[in-house]
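Asker: Next come the chains, spelled out residue by residue.
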Amino acid sequence: MLANRESPDGGPETMAVRPGRDQGTAEPLLRLIDISKSFPGVHALRGVSLEIHAGEVHVILGQNGAGKSSLIKVLCGAYLADDGVIEHKGRRIAIQGPADANGIGVGVIFQEFSLAPYLDIAQNIFLGRERAFAKAGIIDKAAMHAAARDVLAQLGLNYDTWTFAADLGVAQQQMVEIAKALSQNSSILVMDEPTAAISERESERLFEVIARLKQRGVAIVYISHRMREVVALGDRITVMRDGAVVASYRRDEVSPDEMVGAMIGRSLAGLKRREALAAGAPVLTVTNLQTAKLTDISLEIRAGEVVGLAGLVGSGRTEVVRAIFGADPLRTGVIRLDGADFAQRPDRSTRAGLALLPEDRKREGLALPLAVGENATAAALWRLFRRGWFAPSVAEKVCRNLITRLNIATPGPAQFVRNLSGGNQQKVVLGKWLAAGSRLFMLDEPTRGVDIGAKTEIYRLIDDLAKDGAAVLVISSELPELIHLCDRAYVMRDYRIVGHLGRNELSEKAILDLAVHQ
Amino acid sequence: MTTMDSPAPVIRRPQQLAPGTVAVVVRLGLIACIAVLLSSLSPTFATTDNLLNILRQASLLFLVASGLTLVIIAGGLDLSIGANLTLCACLSAAAIKATSQPTAGIAVALGCGVLVGLTNGVLINRVKIPPFLATFGMLWVAQGIAYWFMAGQVVYGFSPAFRFFGSGFWLGVPVPIWVMLVTGACGVIFLSRTTIGREVYLMGANEAAAVLSGIPVARRRTLLYMVSGLMAGLAALIYVARLNAAEPGIGEPLLLPAIAAVLVGGTSLFGGSGGLFRTLLGATILTLIVNALNLLNVSATWHPFVTGAIVVLAVLADAAVNRGARR
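Line by line, the protein sequences are chains R and X. Note that the numbering used here gives residue 23 to position 23 of the first sequence, counting from 1, and the numbers run on in steps of one. Note that the numbering used here gives residue 1228 to position 228 of the second sequence, counting from 1, and the numbers run on in steps of one.
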C-alpha cells in the first residue's frame, strides 16, 4: 500500500498567474470579467475572469472549496455576482436569475439530477413546455415522443421514450438531462463532475456525447478533478484556488504535473506543524474492510497518533469512518479495538470508546431543537447514569465542565444549541464525545463552517487528545490543515486507499498526486 | 461569533421561562378561566359529582393518549391505539367470560396491547415501513380481528370485582382517576428522570444524530410502541369495566380525540418536545369544553367543530411561543 514517492520540497509552491492566452482567437461566446462574490466572512469568488468559446470544452479544475460551485451558481443565475462584467457574444448582459441564464442558453447538469421519477423520458425532457405539443388543449403524445426521440438521436441515443425516469440508471438519467438541456437550445452546457457517479464505460459514452455536442457548436464548461478526463477532454483548462483563477491554459501547453502544482499552495497563516508524539500500542486496526461501496480498506491507528484520511470529496472517506463506527453495514473485513473484536453497531461502538464527529453537524451531529446540555450529554447517558436513572444536576455539572474546558460561548446548558455559532456548535459535538470518555476519535471535517478562533481551539483540542493517549483520525478537505495536524495520512480515491504518507512525505503535492486521477 | 479572550459571553439575556413551562402555565390558566366562567353560568358545574365526572372522562382519554404522547415525542405516530383498544377489550371480555377470572382478562388485555405494539415496532424497524403506514395498517388489522372474533355478538355482564376498575371509588374518587394519576406520575418520572426518557427526546429531535450518538434508537422505538399498546390495553380494561360490555365499535372513536388531546396539550407532532403532564392538561381541557357545551345546552352536533377550533388554536399559540423563544 505504501506509495514510494520522493521527498517533496516541503513549503507551498508559488505559482505565477499566467495571463490568458486566448487573445487573438475568435470572439468568445461568453466572457466573465472580474467576477466577485462574497458571503459574510467568505470570499467565494475573487475577480474571476473566464472565456467560454463555442464548440470547446473548458475544464475548471480546483480543490474542494476552490470556488468552482460558486462560479456555476453565478453562471446559472442562482447567485448574483457582487461585482464584475458578463459579456455574451460581445454584448454586456446581467444574469440576475435563472430566467436570464436560460435566455442566453446556459444549461446546467448538476450532480443531483432533477428528473421527475414517475414521468417518462419524453415528459421529463419537455417538462413545463408541454404547451408546444398541445392541440386544442390536449397534448399530442405522439408528437412529443417523436420530438424526444429526435433530441436523443442527436446525441446518438436510442432510448425508449416511454420509460419512467425512475427505471433509468444514473448514466441514462444524466443523458436525459443533457437531452433536456439540448431541447432548450442550450448553447452553453455546464457539467458539474459528470463522471462522479458513473462507470468507466458509461464515461466513455458521455465523452462521445460531449464530442457530438462540440461538433454542434455547444460550449461546454466541465468541472472535474480527474486528471485523465481533464487531459482527454479539455480544450482550455482553468485552475482555481481560494475563489480565484490561478492559471489558465490551452491543453497542449500544460502537463498534469503543472496543473496539480497550480491547484495547491494554500496556506494556513502562522501554523506550525503539530509536534509528533511517541505512538503507543495500536488502538484501531482495520483489515480488508469491504462495504457496498468501499473496497479493501486496511489501516491502523496507534494511541497518541493523529492520522489523516485524505482524498477528494466523494472518494469514500466518510464511508470509511461510518463503516468503522457501525453506521453502515460491513460486507467483509475485521475491525479490532485494542486487539479485540467489537460489534459494528453505533451503540456498541460508543460504549467501546469510539467517537464519530459527522461531516454535517446540523443533520447528524446535533439535535438542534434541544438545549446545549441535552446535546452535550447525548452520547454519555449510558456512562454517567449506569443504572438508568437520570439526574439533571449531574448532567448540568458535566455540561458546565465541558463549557469551561472547551470555552463554549453560551449563557449556560439551558441555551438552545441552534442559537450558537458554528464553531461553538462543533465544540458541543466534540464535548459529547469527551463526556462519553472515548479513546478513538474519528473527526469528519472538524473545522467546516467554523470561524478562525474556534478552528485554532479545535486544533489545540486534537493535540490535547493525542497527548492524553487517544487515537485520532481526521478527515479534511483542507490540505494545509491535514498537514498541520497529522503525523501521517492515508489517501483515498474511488473508495480505496491508494497510498500512505509518512510524516516526512506529507505534502499537498504528494496528497494530490495520489488523490487525483493521473 | 466567539472571541477567545472575551471574559464572559456577551449573548447573555435576562432569564426567561422555557417554552415548555409557558405552555403548561397557559393551559392551567385556561382551565381556571373556563372553570370560573362555568361556575358563574351554571349552578351544576361546580358540584363534586360533575367535576369528578369530567375527570373520569378525561382519564380514559388520557390513558389512550399517554402512550401516543411518548411515541410522538420520539418522532413517531401510533394510529393503531383505538383499534388496539377494541381488540384488547373484546379478547379480555371473552377471556373473563370463559374463565370467570378478572385476572385472566387483565393478562389478556395487557398482553394483546403489548403484542400489537411489538408488531408495530417490528414493521417500522425491520420492514422499514414509515410509522404512519405501519400503524395505519395495524388499525385495520386489529379492527378486522375484533370483528371476526366477536362475530356480531356483544359480551356483557361482568362481576362487581372487575367492574370496580371502571366504576368503583377509592377514598371518594373514581378508580379511573387514580389510574390516570398513577400512570401519569410514572410517565412523567420516566420521561424526566430516566436515561431512556431523555433518549426519547433526542431521537425525536434528530434521529440521525441520536443514532450517531450511540443511542439504540430501534430498540427504544419498539419499547415505546409496546408501551403505547400497553396503555391501550389498560384503557380497554377500564372501558369494559365501566360499560360492563365489549363490542367491536368501542375503541375506534377514541383515536382522533386522543391525537387532539396530545396536540392541545402542546406536544409537537414533529417530535422532540412535549410531555405527559401536558397531555393530561390537554385531555382535561377537551373534556371540560364538551362538558361546558352540554351544560350550556349547545347541540352535540357542534362538539367536533369546537374541538377542531381548539386544536388549531393550541397549535398556533405554541408556534407563536416557540418563535418568540427562538429570537
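Don't read these hints as lab results, they were simulated from the structure. All figures in this text were calculated on a predicted structure; none of them were measured in a lab. Check before you lean on any hint, since a few could be wrong.
Simulated coverage check for chain R against chain X, where a stretch passes if three residues somewhere in it have a Cβ under 8 Å from a Cβ of chain X [stated by the list, open to error]:
(1) 245 to 258
(2) 475 to 483
Below, computed lysine to aspartate or glutamate pairings styled on EDC-like, alpha-carbon distance capped at 20 Å [unchecked claim]:
(3) Lys362(R) / Glu1207(X)
(4) Lys1128(X) / Asp328(R)
(5) Lys467(R) / Asp338(R)
Beta carbons: idealized from backbone N, C-alpha and C, even for Gly.
Asker: Take the hints in turn and mark each one as holding or not.
Answerer: Going down the list of hints, with the structure as the test:
{"no.": "1", "hint": "245 to 258", "verdict": "violated (count 0)"}
{"no.": "2", "hint": "475 to 483", "verdict": "violated (count 0)"}
{"no.": "3", "hint": "Lys362(R) / Glu1207(X)", "verdict": "holds, 12 Å"}
{"no.": "4", "hint": "Lys1128(X) / Asp328(R)", "verdict": "holds, 16 Å"}
{"no.": "5", "hint": "Lys467(R) / Asp338(R)", "verdict": "holds, 18 Å"}
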